[in-house]
Amino acid sequence: MSLLLNEEQTLLKDYTHSFFGEKLPISALRALRDGKNETGFDRDLWRQMAEMGWAGVLLPETYGGVDFGYKGLGQVLEESGRTLAATPLVSTVLLSAPLVLEVGSDAQKQNILPAIVSGDLILALALEETPRHTPANTALHAEADSDGYILNGAKTFVLDGHIADQLIVVTRTSGAPGDVDGLSMFLVDGGANGLTRKRTTLVDSRNAANLTFNNVRVEPDALLGPVDRAYGALEAVLDGARIGLAAEMLGSGLEAFKRTIEYLKIREQFGVPIGSFQALKHRAALMFCELELTKSTVLEALTALDEKRSDVPQLASLAKAKACEMIELVTNEAVQMHGGIGMTDEEEIGFFMKRARVAQQTFGDAGFHRDRYATLMGF
Amino acid sequence: MNALERFRAKTRTWLEENCPLSMRTPMPEEERVWGGRQPKFENPDSKIWFDRMVAQAWTVPAWPKEYGGGGLSREESIILGEEMGRLKCRVPLFSFGISMLGPVLLKYGTPEQKAKHLPPIARGELRWCQGYSEPGAGSDLASLKTRAEDKGNHYLVNGQKVWTSYAHLADWIFCLVRTDTTTKHAGISFLLFDMTTPGVETRPIALISGGSFFCETFFEDVIVPKDQLVGKLNGGWDIAKQLLQHERGMIAQIGRAIGGKVPPVYKVAKKYLGDENGKIDDPALRDAVVQHTMNDRAFDLTIKRAAQESEAGTASGGASSMFKFYGTEQNKKKFELIMKCVGTNGLGWEGDEFDDDELMICRTWLRSKGNSIEGGTSEIQLNVIAKRVLELPD
Chain A
1 MSLLLNEEQT LLKDYTHSFF GEKLPISALR ALRDGKNETG FDRDLWRQMA EMGWAGVLLP
61 ETYGGVDFGY KGLGQVLEES GRTLAATPLV STVLLSAPLV LEVGSDAQKQ NILPAIVSGD
121 LILALALEET PRHTPANTAL HAEADSDGYI LNGAKTFVLD GHIADQLIVV TRTSGAPGDV
181 DGLSMFLVDG GANGLTRKRT TLVDSRNAAN LTFNNVRVEP DALLGPVDRA YGALEAVLDG
241 ARIGLAAEML GSGLEAFKRT IEYLKIREQF GVPIGSFQAL KHRAALMFCE LELTKSTVLE
301 ALTALDEKRS DVPQLASLAK AKACEMIELV TNEAVQMHGG IGMTDEEEIG FFMKRARVAQ
361 QTFGDAGFHR DRYATLMGF
Chain B
380 MNALERFRAK TRTWLEENCP LSMRTPMPEE ERVWGGRQPK FENPDSKIWF DRMVAQAWTV
440 PAWPKEYGGG GLSREESIIL GEEMGRLKCR VPLFSFGISM LGPVLLKYGT PEQKAKHLPP
500 IARGELRWCQ GYSEPGAGSD LASLKTRAED KGNHYLVNGQ KVWTSYAHLA DWIFCLVRTD
560 TTTKHAGISF LLFDMTTPGV ETRPIALISG GSFFCETFFE DVIVPKDQLV GKLNGGWDIA
620 KQLLQHERGM IAQIGRAIGG KVPPVYKVAK KYLGDENGKI DDPALRDAVV QHTMNDRAFD
680 LTIKRAAQES EAGTASGGAS SMFKFYGTEQ NKKKFELIMK CVGTNGLGWE GDEFDDDELM
740 ICRTWLRSKG NSIEGGTSEI QLNVIAKRVL ELPD
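Residue numbers (this note's numbering), protein chains in the order written: chain A, 1 to 379; chain B, 380 to 773.
If you are wondering where the hints come from, they were derived from the structure by calculation, not from laboratory data.
Hints may be right or wrong, so weigh each one.
Claimed, not checked - Quick list of in silico lysine to any residue cross-link-like pairs, SDA-like style, CA-CA up to 20 Å:
| no. | chain 1 | residue 1 | chain 2 | residue 2 |
| --- | --- | --- | --- | --- |
| 1 | B | 711 | A | 282 |
| 2 | B | 766 | A | 263 |
| 3 | A | 13 | B | 688 |
| 4 | A | 258 | B | 772 |
| 5 | B | 605 | B | 579 |
| 6 | B | 719 | B | 675 |
| 7 | B | 605 | B | 537 |
| 8 | A | 354 | A | 35 |
| 9 | A | 13 | A | 303 |
| 10 | B | 426 | B | 473 |
| 11 | B | 766 | A | 274 |
| 12 | A | 258 | B | 694 |
| 13 | B | 766 | A | 262 |
| 14 | A | 13 | B | 694 |
| 15 | B | 766 | A | 272 |
| 16 | B | 658 | A | 368 |
| 17 | A | 258 | A | 22 |
| 18 | B | 426 | B | 411 |
| 19 | B | 766 | A | 282 |
To be verified - Computed from the model, here is a short list of chain B residues facing chain A with C-beta under 8 Å:
| no. | residue |
| --- | --- |
| 20 | 461 |
| 21 | 645 |
| 22 | 762 |
| 23 | 764 |
| 24 | 765 |
| 25 | 772 |
Glycine included, C-beta positions come from ideal geometry on N, C-alpha and C.
Extracted from the complex, chain A is given alone in its bound form (with noise of 0.2 Å):
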């Protein structure tokens, strides 16, 4: 029950803070911006931290993996948040790594598990079809034939879409749009015939795609977990997904609101500086409260998560609800208080707005985890 991080996790979060701070940082994510680099990451430097187990932190040593657990990933991802590093840990490790773990066939993990681990595979999972997150909305058809399956339908803000080697699609075999019986996964793929990927190029730099399957056919052995099933699955995944998300946006806002307090202390106007005055001493001391409380929720989630806890779900609502708040608070904040230069494109400071934003819309906004949670709690 405890909240607080052991020497491990600590010595952990250490490397990860100098790592990031080092290899990848926000210039990093400007390169990657201005240089239109189609890949949007840095594949040798995943590879060196897939060297150092962070691709398999989640995965038991059967697989090549560390075990490290979700509070070790948190600090992984908080510190991403700092620097705003651009990996495909949210797509590889934090959704697919699970997923696979935990529905998918013996043949299935030994095919794709050790291959995570080391960095050679990236996974993408293909949900989303309307502009807001609503998992059991899934329309995309799958039809069941002699040979195995038929895909039909559109996906879109898939994390890593364009670029991943497999794709865990979420398709509907039975019921309606709407209904969480009849969803089932398959494994499509990356160069499937009939499978047309679109980069789409987002305000934060970072990676997303639509999808479109035409007559894409796969194998049996393409289903992933149960048919008509994969609704539990999926909801607990996106869970793990939601809290490690709101590990990335702590980090963030921790870093816009440290350099923020950087520049009230810096910046002089009437002969002063701007952090004497008292109007922005106290916007600045409810930011820090924001973030104390978001930081709580963040780490009781990771441990509910590595408890496995029956709590998980309210505590991935509270997290991320938090999370989304606190971001939209202090990104907002940073930017207003850094003045003119903070509208410009060469001050760092909007780029945490901008990936606040998308990190927002991404597995449910506040409003989506309020709804949740009351409704997780009988309100």
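Once you've looked at the hints, dock chain B against the given chain A.
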């Protein structure tokens, strides 16, 4: 079974055998026991419970035995708290002596002062009040003017205090006084004296909530023996600051305890707004209620984390100001939300047309407004965070 487990088992049995059943129910404010020279027990069971807990010295479980405390270790007092929580035992004694003065005396008092004052506090024999704010010294507390002149073998105290909680019911006062008029913070001392001393007069102040537990307190040529100075002459400000931390922690908790008598906001919402398909039947209020509830949970988790950090020695400063600020603001929002849910039924001031809960909600809503003023306003807490934690310039 290790020693702590044995202690837990023993404590559980003792509480089950000794805590009267009516003392395991939510406590109406009028049944609180404050002790003092003329103690009041609205409910006879609360006297039984009080006497038993005093005999155990569990009114102050962690104080040293020589000063009337229970002599429990930190772990043991936590267990006692948990076991009392498990049975929902009432707090047997409310006391500013325990929550505010005691910790100060333990740190700054002479052996004689500790021996004289701590045991009666532990036994609830004397009720204390706090003389801090003055008409001209609220947020700027250090500008206080109540004067204590050195008259050789005693101090002569003249001046006025305000917002002295329960001064009209208190037996003794701990009081900040000016002993040097040539400097501000370094001219303040911390005095203790008996409220029956000639020259002390109190006058309760009627509040917007209809209650009057705050007083104006007047001192005219009050003679205070010199051995009733705590700490160094002109060293009172450090003590005052330390004590304020205890007070802030307590107000943040009391705010929540007051709220504790009122059902959770979502239950009030369901009762008054309806409960179609298990959902609070007003989407805007449902969202406001859940947001408030989630912030409460995040706040509780932050208190828990701060306690763990403080135990591990990794605590960062500023926690008490954050808790005072956030806890009291949450409590105010809670009552605003409850008032919205209850609608016109929450607007009753008195009379039979409203039920007791509704009348209590209205009064408590008004009282909650003081939470973010007393013990240092929300604005002062934000100043403290900006200065001590964020190190923003003056």
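Each hint, compared with the structure:
The straight-line distance between the Cα atoms of residue 711 of chain B and residue 282 of chain A is roughly 19 Å, inside the 20 Å bound, and the hint therefore holds. Taking the CA atoms of residue 766 of chain B and residue 263 of chain A, the gap is about 15 Å. The hint holds against a cut of 20 Å. For a cut-off of 20 Å, the pair hint linking residue 13 of chain A to residue 688 of chain B stands: about 17 Å separates their Cα positions. The straight-line distance between the Cα atoms of residue 258 of chain A and residue 772 of chain B is roughly 15 Å, inside the 20 Å bound, and the hint therefore holds.
Taking the CA atoms of residue 605 of chain B and residue 579 of chain B, the gap is about 18 Å. The hint holds against a cut of 20 Å. Restraint check for residue 719 of chain B and residue 675 of chain B: satisfied, since their Cα atoms lie roughly 18 Å apart, inside the 20 Å limit. Restraint check for residue 605 of chain B and residue 537 of chain B: the C-alpha separation of about 15 Å stays at or below 20 Å, so the hint holds. At most 20 Å may separate the alpha-carbon atoms for a hinted pair to count; residue 354 of chain A and residue 35 of chain A meet this at roughly 18 Å.
Straight-line distance between C-alpha atoms of residue 13 of chain A and residue 303 of chain A comes to about 16 Å, which keeps the hinted pair within the 20 Å bound. For the hint pairing residue 426 of chain B with residue 473 of chain B, the CA-to-CA distance comes to about 13 Å; that is within 20 Å, so the pair holds. A C-alpha spacing of about 14 Å is found between residue 766 of chain B and residue 274 of chain A, which places the hinted pair at or below 20 Å, so the restraint holds. For the proposed pair residue 258 of chain A and residue 694 of chain B, the alpha carbon gap of about 19 Å is at most 20 Å, so the pair holds.
Taking the CA atoms of residue 766 of chain B and residue 262 of chain A, the gap is near 14 Å; set against the 20 Å cutoff, the hint holds. The suggested pairing of residue 13 of chain A with residue 694 of chain B holds, with an alpha-carbon distance near 18 Å, which does not exceed 20 Å. A threshold of 20 Å between alpha carbons decides the hint, and for residue 766 of chain B with residue 272 of chain A the separation of about 16 Å falls inside it, so the pair holds. Among the hinted pairs, residue 658 of chain B with residue 368 of chain A is consistent with the structure: their alpha-carbon atoms are about 15 Å apart, no more than 20 Å.
Using a Cα cut-off of 20 Å, the hinted pair residue 258 of chain A and residue 22 of chain A holds, with the two alpha carbons roughly 18 Å apart. A threshold of 20 Å between alpha carbons decides the hint, and for residue 426 of chain B with residue 411 of chain B the separation of about 11 Å falls inside it, so the pair holds. This hinted pair checks out: residue 766 of chain B and residue 282 of chain A have alpha carbons roughly 10 Å apart, not beyond 20 Å. The restraint placing residue 461 of chain B at the interface with chain A is violated, with a minimum CB-CB distance near 13 Å, outside the 8 Å limit.
A cut of 8 Å between beta carbons decides the hint on residue 645 of chain B: the least distance to chain A is about 5 Å, and the hint holds. Among the interface hints, the one on residue 762 of chain B holds; its C-beta lies about 7 Å from the nearest C-beta in chain A, closer than the 8 Å criterion. About 4 Å separates the beta-carbon of residue 764 of chain B from the nearest beta-carbon of chain A, less than 8 Å, and the hint is met. Interface restraint check: residue 765 of chain B against chain A, minimum CB-CB distance 4 Å, threshold 8 Å, status holds.
Because the beta carbon of residue 772 of chain B sits about 5 Å from the nearest beta carbon in chain A, less than 8 Å, this interface hint is met.
Hint check: a violation occurs at hint 20 only; the rest are consistent with the structure.
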